[in-house]
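Asker: Sequence:
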Amino acid sequence: MNKVKSLYIHIPFCTNICDYCDFTKLQYFRNFAEKYLIALKDELNSYPIKNLKTIYVGGGTPTALDDDLFEELLKIISIYSEGVKEYTFEANPESLSPFKISLLKKYGVNRISIGVQTTNQKILDNLNRRHSFSQVIQAVECLKNNGIENINIDLILGLPHASKKILRQDLTNILKLEPKHISCYGLTIHSHTALFNKGFKEPNEDDLRLYYDIVEEILVANGFIHYEVSNWAKNGYQSEHNMTYWRNEQYYGIGLGASGYIGETRYKNTTNLSKYLARAFVGDKEFVSNNDKITYQIMLNLRTIEGLDVSIVKHKHKEITEMIDRNLLKLENNRVFPTYEGMMVLDSIILKLL
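Residue numbers for the sequence shown follow the numbering used here, beginning at 1003 and rising by one.
Calculated directly from the structure, the hints in this document are not laboratory data. The beta-carbon is built from N, C-alpha and C at its ideal position, and this holds for glycine as well. Heads up, some of the hints might be wrong.
[As the list claims (entries may be wrong)] Simulated restraints, written as ranges between beta carbons of each label pair:
#1 Glu-1151 to Thr-1174: 46 to 56 Å
#2 Gln-1029 to Lys-1203: 20 to 30 Å
#3 Ser-1261 to Gly-1225: 29 to 39 Å
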């Protein structure tokens, strides 16, 4: 019985590198992309993948591929995509052309995640982003005209020169597009990114909390459910694929730098393109003991309002009761899950329960 129902595929190429990005990514060159897709196909073939429930293609920027290579990628995945309930592609607005959208539709992709980050042009320019908000509007319109309604918008909180006023404007602009899902992540600045080199700092905890409070207030008032620390969705549009991670379920991770979890093993693929093209796919492996499983269960389950089976932490009865009294956790149907207040201090809750 194959328990692995989710597949993540990483496409590392970008036409330009954004100032904040720390993901496994490379400047797009066609000759590398051609070789990469052949290696990707070989890696997919090396696993017994069948009867999937979700596929998620992320990056990098999957839509950065030339049209013919983009279709080649969709063809490679099509062997696995039959009967898939949720099939997501990440996209940047400027490379989500009407032709690529028609291909996505043709090959059964039914969910798109668009990297918007902010609707403020000045901030976008400062981040070396290559899109305008009008391109976001066009892309969303074209997706909906092609029958792809399940759209996620990514925003980053605490970008350089951001303000509460700009954030409120961002949310107003985004809500007009009527997305089904919105993800908001606090800016993290990593040591080898352009933002770090320019001397920018991450937002402090107090500012970030104010930003999250604004997001929470506006999105909940507009009928969104805050179902995971950084994610809000209309009812029924929670990301099935990401719930795989947060439920601590198994998944295949394919592509440069991708992570996977199969059987008793968590693994991370190499981030070195030469090694990947030489078919040395896996970089690190970690054996997951029963104790590790429980640790992961606590860390991941508590990120969502599905929560954690209380029997897993029953020896922490005193701590749980105290956190319920402080309105950080709730207990219902033998499951313990975070309130909004709890989500905002989740790390401290997890430390108490581990």
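Asker: For every hint, state whether the structure bears it out.
Answerer: Against the structure, the hints:
{"no.": "1", "hint": "Glu-1151 to Thr-1174: 46 to 56 Å", "in the structure": "violated (21 Å)"}
{"no.": "2", "hint": "Gln-1029 to Lys-1203: 20 to 30 Å", "in the structure": "holds (27 Å)"}
{"no.": "3", "hint": "Ser-1261 to Gly-1225: 29 to 39 Å", "in the structure": "holds (33 Å)"}
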